[in-house]
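Engineer: Sequence:
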Amino acid sequence: MIGLLLAVSSSVFGEVSDIIGKSSIQKHRASVYTVGFLTLIFGIIFFSINALLRGVFIFSPESLPTLTLRIILEIILSVITITALGRANRSTFGFVRTLTIPLLFVVDLIMGYSVGGFQMFGMFLISAVVLFVSLSKKVDKRGIGLLFFSATLPVATISLYKYDINNFNSVEAEQIIVSFCLLIFFCGAAILKAKENPFAYLKKPRFILQATMSGLASAVGGFAYAFLAPSVATTALRAGSVLSATLSGDFYFKEKHRLLKIAIATGIIGGLFFLV
507 MIGLLLAVSS SVFGEVSDII GKSSIQKHRA SVYTVGFLTL IFGIIFFSIN ALLRGVFIFS
567 PESLPTLTLR IILEIILSVI TITALGRANR STFGFVRTLT IPLLFVVDLI MGYSVGGFQM
627 FGMFLISAVV LFVSLSKKVD KRGIGLLFFS ATLPVATISL YKYDINNFNS VEAEQIIVSF
687 CLLIFFCGAA ILKAKENPFA YLKKPRFILQ ATMSGLASAV GGFAYAFLAP SVATTALRAG
747 SVLSATLSGD FYFKEKHRLL KIAIATGIIG GLFFLV
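With the working numbering, you'll find the sequence shown wraps up at 782, consecutive numbering, no jumps.
Honestly, the hints are just simulated from the structure, not real lab data. Given the structure is predicted, the values throughout are model-derived calculations rather than measurements. A hint or two may mislead.
Claimed, not checked - With a cut-off of at most 27 Å between alpha-carbon atoms, the simulated DSS-like pairs for lysine-lysine come out as follows:
{"no.": "1", "residue 1": "K709", "residue 2": "K533"}
{"no.": "2", "residue 1": "K760", "residue 2": "K644"}
{"no.": "3", "residue 1": "K710", "residue 2": "K533"}
{"no.": "4", "residue 1": "K668", "residue 2": "K762"}
{"no.": "5", "residue 1": "K710", "residue 2": "K699"}
{"no.": "6", "residue 1": "K762", "residue 2": "K644"}
{"no.": "7", "residue 1": "K668", "residue 2": "K760"}
{"no.": "8", "residue 1": "K644", "residue 2": "K533"}
{"no.": "9", "residue 1": "K668", "residue 2": "K533"}
{"no.": "10", "residue 1": "K699", "residue 2": "K533"}
{"no.": "11", "residue 1": "K760", "residue 2": "K643"}
{"no.": "12", "residue 1": "K643", "residue 2": "K762"}
{"no.": "13", "residue 1": "K699", "residue 2": "K709"}
{"no.": "14", "residue 1": "K533", "residue 2": "K760"}
{"no.": "15", "residue 1": "K762", "residue 2": "K647"}
{"no.": "16", "residue 1": "K533", "residue 2": "K762"}
Unchecked claim - For each label pair, taking beta carbons as the anchor points, the in silico distance ranges come out as:
{"no.": "17", "residue 1": "G622", "residue 2": "K668", "range": "16 to 26 Å"}
{"no.": "18", "residue 1": "G618", "residue 2": "L558", "range": "21 to 31 Å"}
{"no.": "19", "residue 1": "V621", "residue 2": "I582", "range": "37 to 47 Å"}
{"no.": "20", "residue 1": "L641", "residue 2": "R535", "range": "42 to 52 Å"}
{"no.": "21", "residue 1": "S642", "residue 2": "F759", "range": "15 to 25 Å"}
{"no.": "22", "residue 1": "F630", "residue 2": "I690", "range": "35 to 45 Å"}
{"no.": "23", "residue 1": "K668", "residue 2": "R535", "range": "17 to 27 Å"}
{"no.": "24", "residue 1": "L558", "residue 2": "G776", "range": "17 to 27 Å"}
{"no.": "25", "residue 1": "A732", "residue 2": "A700", "range": "12 to 22 Å"}
{"no.": "26", "residue 1": "V621", "residue 2": "A732", "range": "23 to 33 Å"}
{"no.": "27", "residue 1": "S554", "residue 2": "L765", "range": "39 to 49 Å"}
{"no.": "28", "residue 1": "A735", "residue 2": "N672", "range": "15 to 25 Å"}
{"no.": "29", "residue 1": "I555", "residue 2": "S642", "range": "21 to 31 Å"}
All C-beta atoms, glycine included, are put in the ideal place defined by N, C-alpha and C.
Construct all of the structure, not just a fragment, from the sequences and the given hints.
Structural biologist: See the structure below:
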């Protein structure tokens, strides 16, 4: 129960951060790059402190080829995802990005891993619902191309991540290095391209709240894995994200077709639990 509460809390914190980020981009209060910087900064601090306390920062120079490729792909993915955050409806954003999970199962099948009947049904259900979302005239399509890209590219980044932590680096080292590189990119892009000082935004209550909520989402989500099996924790986090995005889209952003989107969210969440 504690693990599920942590997973749900993480999803809520992440949603609050995304609401502020989306609103800031749409109202031109901050660029995509500053929002990216604020999304990352407190999460990195948490990972760094956790790694230092546990003494588990293990890095192998032999990982540099795959790690460098992953960093490049993560930068591309992050820019696309945050751009989509500003353009797409919250509910559509939550729906389409769940496509990553069935795609990862497809990769597992190709690699020769066994996938059970319930998991196959879950893959089919999620894929069918996302296909319906992409075809339905009642679902806003703004940013949907970016969303599909942000749902498929993680197949490569997660595969590289798994390879690195299985063969070279500790989880903490891999995540901290990649996150710091992303932070440096977003900071540099905010200063040089958007002409914004991202650190100055940390003096404003609205953006302090965004950064804090994002950091809490990372920290609390990490603790959820200590109480739940990895597959259950991942499913709970994804399900919570879909539900919170659907609710914020309805109540905060006043999106239309409430019943349809509740049905879509129910289908996706059901598919996620079949994958466990």
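Engineer: Does each hint fit the structure? Answer for all of them.
Structural biologist: Verification of the supplied hints:
Between K709 and K533, the direct Cα distance comes to roughly 19 Å. Compliance with the 27 Å bound is thereby established for this hinted pair. At most 27 Å may separate the alpha-carbon atoms for a hinted pair to count; K760 and K644 meet this at roughly 14 Å. A hinted pair counts as satisfied when its Cα atoms are at most 27 Å apart, and K710 with K533 qualifies at roughly 16 Å. As the CA atoms of K668 and K762 are separated by approximately 39 Å, the hinted pair breaks the 27 Å bound.
Of the pairs offered as hints, the one joining K710 and K699 holds, with about 21 Å between alpha carbons and a cut-off of 27 Å not exceeded. For the hint linking K762 to K644, the alpha-carbon distance of about 8 Å falls within 27 Å, and the restraint holds. Proposed proximity of K668 and K760 is contradicted: the alpha carbons are some 39 Å apart, above 27 Å. Between K644 and K533 the alpha-carbon distance is near 25 Å, which keeps this suggested pair within the 27 Å criterion.
Our distance criterion of 27 Å between C-alpha atoms is broken by K668 and K533, whose separation comes to about 38 Å. Proposed proximity of K699 and K533 is supported: the alpha carbons are some 18 Å apart, at most 27 Å. The suggested pairing of K760 with K643 holds, with an alpha-carbon distance near 18 Å, which does not exceed 27 Å. Our distance criterion of 27 Å between C-alpha atoms is met by K643 and K762, whose separation comes to about 12 Å.
Between the alpha carbons of K699 and K709 the distance comes to roughly 21 Å, so the proposed pair stays at or under 27 Å and holds. Taking the CA atoms of K533 and K760, the gap is near 16 Å; set against the 27 Å cutoff, the hint holds. For a cut-off of 27 Å, the pair hint linking K762 to K647 stands: about 13 Å separates their Cα positions. Our distance criterion of 27 Å between C-alpha atoms is met by K533 and K762, whose separation comes to about 21 Å.
A hinted range of 16 to 26 Å for the beta carbons of G622 and K668 is consistent with their spacing of about 20 Å. Hint check: G618 to L558, Cβ distance near 38 Å, so the stated range 21 to 31 Å is violated. At roughly 29 Å, the beta carbons of V621 and I582 sit outside the given window of 37 to 47 Å. Judged by the Cβ atoms, the range 42 to 52 Å given for L641 and R535 is violated: they are separated by roughly 34 Å.
Roughly 18 Å separates the CB atoms of S642 and F759, a value that falls within the hinted 15 to 25 Å. Take F630 and I690: their Cβ atoms lie about 41 Å apart, and the range 35 to 45 Å holds. Evaluation of the 17 to 27 Å hint for K668 and R535 yields a failure: the beta carbon distance comes to about 37 Å. Between L558 and G776 the C-beta distance comes to about 41 Å, which lies outside the given range of 17 to 27 Å.
Between A732 and A700 the C-beta distance comes to about 38 Å, which lies outside the given range of 12 to 22 Å. The hinted window of 23 to 33 Å between V621 and A732 holds, with their beta carbons roughly 27 Å apart. A beta carbon spacing of about 45 Å between S554 and L765 agrees with the range 39 to 49 Å that was offered as a hint. Against the hinted window of 15 to 25 Å, the Cβ-Cβ separation of A735 and N672 comes to about 18 Å, which satisfies the hint.
Here the CB-CB span from I555 to S642 is close to 45 Å, at odds with the stated 21 to 31 Å.
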